[in-house]
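A.B. asks: Based on these hints, arrange chain B on the given structure of chain A.
There are 2 protein chains.
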Amino acid sequence: METLSTARAHGGTQGVYRHASSATGTDMTFSVFVPEHEAGETLPVLWYLSGLTCTHANVTDKGEYRAACAEHRIVFVAPDTSPRGDGVADDPAWDMGQGAGFYVDATQAPWSPHFRMRSYIEDELPALIAAGFPVDMAAQGITGHSMGGHGALTIALRNPDRFRSVSAFAPIVAPSQVPWGEKALGGYLGDDRTAWRGHDAVALIEDGARLPDLLVDQGDADSFLAEQLRPDLLRAACDAAGIPLTLRMQKGYDHSYNFISTFMADHVAWAAARLRR
Amino acid sequence: METLSTARAHGGTQGVYRHASSATGTDMTFSVFVPEHEAGETLPVLWYLSGLTCTHANVTDKGEYRAACAEHRIVFVAPDTSPRGDGVADDPAWDMGQGAGFYVDATQAPWSPHFRMRSYIEDELPALIAAGFPVDMAAQGITGHSMGGHGALTIALRNPDRFRSVSAFAPIVAPSQVPWGEKALGGYLGDDRTAWRGHDAVALIEDGARLPDLLVDQGDADSFLAEQLRPDLLRAACDAAGIPLTLRMQKGYDHSYNFISTFMADHVAWAAARLRR
Numbered sequence: 001m002e003t004l005s006t007a008r009a010h011g012g013t014q015g016v017y018r019h020a021s022s023a024t025g026t027d028m029t030f031s032v033f034v035p036e037h038e039a040g041e042t043l044p045v046l047w048y049l050s051g052l053t054c055t056h057a058n059v060t061d062k063g064e065y066r067a068a069c070a071e072h073r074i075v076f077v078a079p080d081t082s083p084r085g086d087g088v089a090d091d092p093a094w095d096m097g098q099g100a101g102f103y104v105d106a107t108q109a110p111w112s113p114h115f116r117m118r119s120y121i122e123d124e125l126p127a128l129i130a131a132g133f134p135v136d137m138a139a140q141g142i143t144g145h146s147m148g149g150h151g152a153l154t155i156a157l158r159n160p161d162r163f164r165s166v167s168a169f170a171p172i173v174a175p176s177q178v179p180w181g182e183k184a185l186g187g188y189l190g191d192d193r194t195a196w197r198g199h200d201a202v203a204l205i206e207d208g209a210r211l212p213d214l215l216v217d218q219g220d221a222d223s224f225l226a227e228q229l230r231p232d233l234l235r236a237a238c239d240a241a242g243i244p245l246t247l248r249m250q251k252g253y254d255h256s257y258n259f260i261s262t263f264m265a266d267h268v269a270w271a272a273a274r275l276r277r
Numbered sequence: 001m002e003t004l005s006t007a008r009a010h011g012g013t014q015g016v017y018r019h020a021s022s023a024t025g026t027d028m029t030f031s032v033f034v035p036e037h038e039a040g041e042t043l044p045v046l047w048y049l050s051g052l053t054c055t056h057a058n059v060t061d062k063g064e065y066r067a068a069c070a071e072h073r074i075v076f077v078a079p080d081t082s083p084r085g086d087g088v089a090d091d092p093a094w095d096m097g098q099g100a101g102f103y104v105d106a107t108q109a110p111w112s113p114h115f116r117m118r119s120y121i122e123d124e125l126p127a128l129i130a131a132g133f134p135v136d137m138a139a140q141g142i143t144g145h146s147m148g149g150h151g152a153l154t155i156a157l158r159n160p161d162r163f164r165s166v167s168a169f170a171p172i173v174a175p176s177q178v179p180w181g182e183k184a185l186g187g188y189l190g191d192d193r194t195a196w197r198g199h200d201a202v203a204l205i206e207d208g209a210r211l212p213d214l215l216v217d218q219g220d221a222d223s224f225l226a227e228q229l230r231p232d233l234l235r236a237a238c239d240a241a242g243i244p245l246t247l248r249m250q251k252g253y254d255h256s257y258n259f260i261s262t263f264m265a266d267h268v269a270w271a272a273a274r275l276r277r
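Top to bottom, those sequences are chains A and B.
First residue of the first sequence? That's 1 in my numbering, and the numbers climb one at a time after it.
First residue of the second sequence? That's 1 in my numbering, and the numbers climb one at a time after it.
It is possible that some hints are incorrect.
What the hints assert, rightly or not - Pairwise CB distance ranges (calculated):
hint	chain 1	residue 1	chain 2	residue 2	range
1	A	R210	B	A131	51 to 61 Å
2	B	T53	A	R210	21 to 31 Å
3	A	T3	B	Q108	56 to 66 Å
4	B	E227	A	T3	23 to 33 Å
5	A	D266	B	A131	30 to 40 Å
6	B	A93	A	A269	44 to 54 Å
Stated by the list, open to error - Facing chain A, according to a computed beta carbon distance under 10 Å, are these residues of chain B, among others:
hint	residue
7	A9
8	E64
9	R66
10	A67
11	Q108
What the hints assert, rightly or not - Cut-off 25 Å, straight-line C-alpha distance, at most; resulting in silico cross-link-like pairs (DSS-like, lysine-lysine):
hint	chain 1	residue 1	chain 2	residue 2
12	A	K62	B	K183
13	B	K62	A	K251
14	A	K251	A	K62
15	A	K62	B	K62
16	B	K62	B	K251
Note that these hints are calculated values from the structure, not bench results.
Backbone N, C-alpha and C define an ideal beta-carbon position, used for all residues, glycine too.
Just chain A, with the same shape it has in the complex:
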């Protein structure tokens, strides 16, 4: 693991790191904020998965998480959203290929050699974080935005003993039922929709997966709300399954980091209440 930069911020250290990923077969870059802590102390960790087109840098620059993470003494990890590079397949559209990994292990050409974001986020990167940073891996939370909200929900639903806190900002909750998801899951996983259900939060809940509880913020001025995000489908699935969902429709907010940064402190506090009890 190579350190690209570190800087003191909000009493802790904001770092950016790169490593050769065995999951993706590419170099991968991620950022980690570590609050001030005692030597030898380990802190809870909150994963943040980003949305379409983003790298680690968008939330690192614009997410406004450091003050809240310093206050609650929580490590914040922000991975990239896909493999990248000249030898990696891509698509001219911004909702497929590089910057749009959708947190799945692709089985279809041309994506399968490198697009293994499920393995990367679920297995490889946690081991690297556990080995390289002062984290208590028994106290993990996960959140994310849009495609990254989809990633946070599905990874938490598939790994029920791993995350004690789950939340999302404007997540794609049912990719099998919306255009972004149909394109991506069809492209990465193929036409057999049964293979999609393990990567669809609503389908996972319908199939029996559970979360202890869940916070979702959604702007009501988000231009993707009705066609791509569909929190109504999450509401129905959680109600049917008895999952306590706190779904907050936020008046006037769009899909941007203006929205995310406004409610970031609430999501860090949500995680802290569950990771520090």
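C.D. replies: Structure of chain B alone, referenced to chain A:
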């Protein structure tokens, strides 16, 4: 004035605007954050002047000021740092020309036709802000970073009745005595150093200008500290003049927005204490 974008953020509105400036003879872009407020109500305004290479966007993206401005109900204005465009003179170096206006009205070729940032920030933009936003122009504060800290200090010193609050992050305090300033003031104002004194905070204080008080944060790991920033010169000038200077050397902080964002809430609170009394 053209609205380029607006988005709801921290309960208020973050906007980006463009207008044809008569001072610079170019289009100029700036951002304004307006907290939630009652119809007809006006709010105090805090000016933030940015550093070398920056546009309005750096602090707008990375400054983390919105939460504090929403809490204290203060409007935040972030101008650009120079005229820009194909017809505008430039220099291949990043510390001269476009992105490096130094908040002066240039008298020298090739800069004098457009590089009139003193007139723009002191006269033209305040009139535009007063006319277009819900601001109380009797309650203005000013702050800035690096070259913009220089701008904040010198503009406040030259306009003693205008700003009830003044602070800076890692400011250039004595441009006449450091390489960045000697290059810029020499290029924009010519070789006669007497013309520089009206654009040098330490010289202005030596020549009798005063501030009621002043907050300065400075990272002690800032790579520009010893050669370009020299807070010791500001300390000596303020002590000799009886200006109460709160100079905080911040251990381990660099010159970046990791530093600025960490202490931004303190500077907004400093302004609020002076603008809301």
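A.B. asks: Against each hint, give a clear statement of whether it holds in the structure.
C.D. replies: Quick rundown of the hints versus the structure:
1. A:R210 with B:A131: 51 to 61 Å: For R210 (chain A) and A131 (chain B) the Cβ distance comes to about 57 Å; the hint holds.
2. B:T53 with A:R210: 21 to 31 Å: The hinted range 21 to 31 Å is violated for T53 (chain B) and R210 (chain A), with Cβ atoms some 50 Å apart.
3. A:T3 with B:Q108: 56 to 66 Å: violated (44 Å)
4. B:E227 with A:T3: 23 to 33 Å: 26 Å Cβ-Cβ, so the 23 to 33 Å window holds.
5. A:D266 with B:A131: 30 to 40 Å: Check passed, 36 Å falls within 30 to 40 Å.
6. B:A93 with A:A269: 44 to 54 Å: Holds - the Cβ-Cβ distance for A93 (chain B) and A269 (chain A), about 45 Å, lies within 44 to 54 Å.
7. A9: holds (4 Å)
8. E64: With Cβ-Cβ at 5 Å, under 10 Å, it holds.
9. R66: holds (7 Å)
10. A67: Hint holds; A67 (chain B) Cβ to chain A Cβ min 7 Å, cut 10 Å.
11. Q108: violated (36 Å)
12. A:K62 with B:K183: Given that 25 Å is the threshold and the Cα spacing comes to 33 Å, the pair is violated.
13. B:K62 with A:K251: Given pair K62 (chain B), K251 (chain A) holds - Cα atoms ~24 Å apart, limit 25 Å.
14. A:K251 with A:K62: Distance of about 21 Å is within 25 Å: holds.
15. A:K62 with B:K62: holds (6 Å)
16. B:K62 with B:K251: Answer holds: K62 (chain B) to K251 (chain B) is near 21 Å, not above 25 Å.
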